[in-house]
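Visitor: Sequence:
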Amino acid sequence: MMTDEEFEQKAFKQAEKIVLFSMGLNEESDRGSVLMSAAFLDEYLSSLLKANFIDDEKTFTDLCNGTGGLATFSAKIELCYLLGLISSETRRDLNIIRRIRNEFAHSMETISFETESVANRCRSLNGNYFRGIPTTARNYFSSASFGIARLLSRKQYSSKKPEVLNDYSVGNRYNT
Numbered sequence: 001m002m003t004d005e006e007f008e009q010k011a012f013k014q015a016e017k018i019v020l021f022s023m024g025l026n027e028e029s030d031r032g033s034v035l036m037s038a039a040f041l042d043e044y045l046s047s048l049l050k051a052n053f054i055d056d057e058k059t060f061t062d063l064c065n066g067t068g069g070l071a072t073f074s075a076k077i078e079l080c081y082l083l084g085l086i087s088s089e090t091r092r093d094l095n096i097i098r099r100i101r102n103e104f105a106h107s108m109e110t111i112s113f114e115t116e117s118v119a120n121r122c123r124s125l126n127g128n129y130f131r132g133i134p135t136t137a138r139n140y141f142s143s144a145s146f147g148i149a150r151l152l153s154r155k156q157y158s159s160k161k162p163e164v165l166n167d168y169s170v171g172n173r174y175n176t
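Numbering-wise, the sequence shown is residues 1 to 176 according to the numbering used here.
Calculated directly from the structure, the hints in this document are not laboratory data.
Check the hints yourself; a few may be wrong.
To be verified - Below, computed lysine to any residue pairings styled on SDA-like, alpha-carbon distance capped at 20 Å:
1. LYS161 <-> ILE54
2. LYS160 <-> TYR81
3. LYS50 <-> CYS64
4. LYS13 <-> LYS155
5. LYS155 <-> ILE54
6. LYS13 <-> GLY147
7. LYS160 <-> PHE60
8. LYS160 <-> PHE21
9. LYS13 <-> LYS50
10. LYS58 <-> VAL164
11. LYS155 <-> MET108
12. LYS161 <-> PHE53
13. LYS17 <-> PHE146
14. LYS160 <-> VAL19
15. LYS50 <-> LEU20
16. LYS160 <-> GLN14
17. LYS155 <-> VAL19
18. LYS155 <-> TYR81
19. LYS50 <-> GLY32
20. LYS161 <-> PHE60
21. LYS155 <-> GLY32
22. LYS160 <-> THR72
23. LYS13 <-> GLN156
24. LYS58 <-> ALA71
25. LYS161 <-> GLN14
26. LYS10 <-> GLU28
27. LYS10 <-> SER47
28. LYS161 <-> ASP56
29. LYS17 <-> LYS161
30. LYS17 <-> TYR129
31. LYS155 <-> SER47
32. LYS10 <-> LEU20
33. LYS10 <-> SER22
34. LYS155 <-> LYS58
35. LYS160 <-> GLY32
36. LYS17 <-> LYS155
37. LYS50 <-> LEU70
Construct the entire structure; sequences and hints are all you get.
Guide: Structure below.
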């Protein structure tokens with residue numbers, strides 16, 4: 001179990017990471033901002049899942065990379081939701097961010113936050129993350145992304161890893 005001081009140190013490092021990341025995004029193009037934010041949230045979902053799985057680094061790595069069952073942003077979102085690690089509202093917003101990411105990643109056209117389909121999706125994000133009223137689609141997107149990152153970070157540090165079960169911990173039913 002983590003002490004209060006260890007918890008505070010980890011939480012401070014995560015908050016610092018989020019702030020530094022957000023400052024760096026201001027220098028990015030719209031496409032760069034979207035792709036980097038989605039990758040950042042994908043990493044945070046992985047960390048949240050890892051905090052709620054038993055310690056088995058190889059299995060976790062295999063599952064979350066390449067063709068593993070949790071290799072996609074979508075799979076991580078859905079599993080976090082099914083495990084009760086995120087709310088239905090956060091799930092909804094992460095899926096909107098994922099769709100925005102896909103639009104930027106797979107479009108050969110020049111698109112931006114001002115593109116109608118992107119702007120509409122950004123404006124449909126939950127307002128609970130916003131400080132003040134966002135004035136641009138980019139502000140909606142950024143506010144939601146960092147609000148979700150803070151939420152995932154807090155949830156990760158309040159998680160408790162499950163214990164590895166012993167096959168015989170239920171009883172010596174098969175042992176004679």
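Visitor: Could you work out which earlier hints the structure fails to respect and list their numbers in ascending sequence?
Guide: 8, 11, 14, 15, 19, 21, 22, 26, 29, 34, 35
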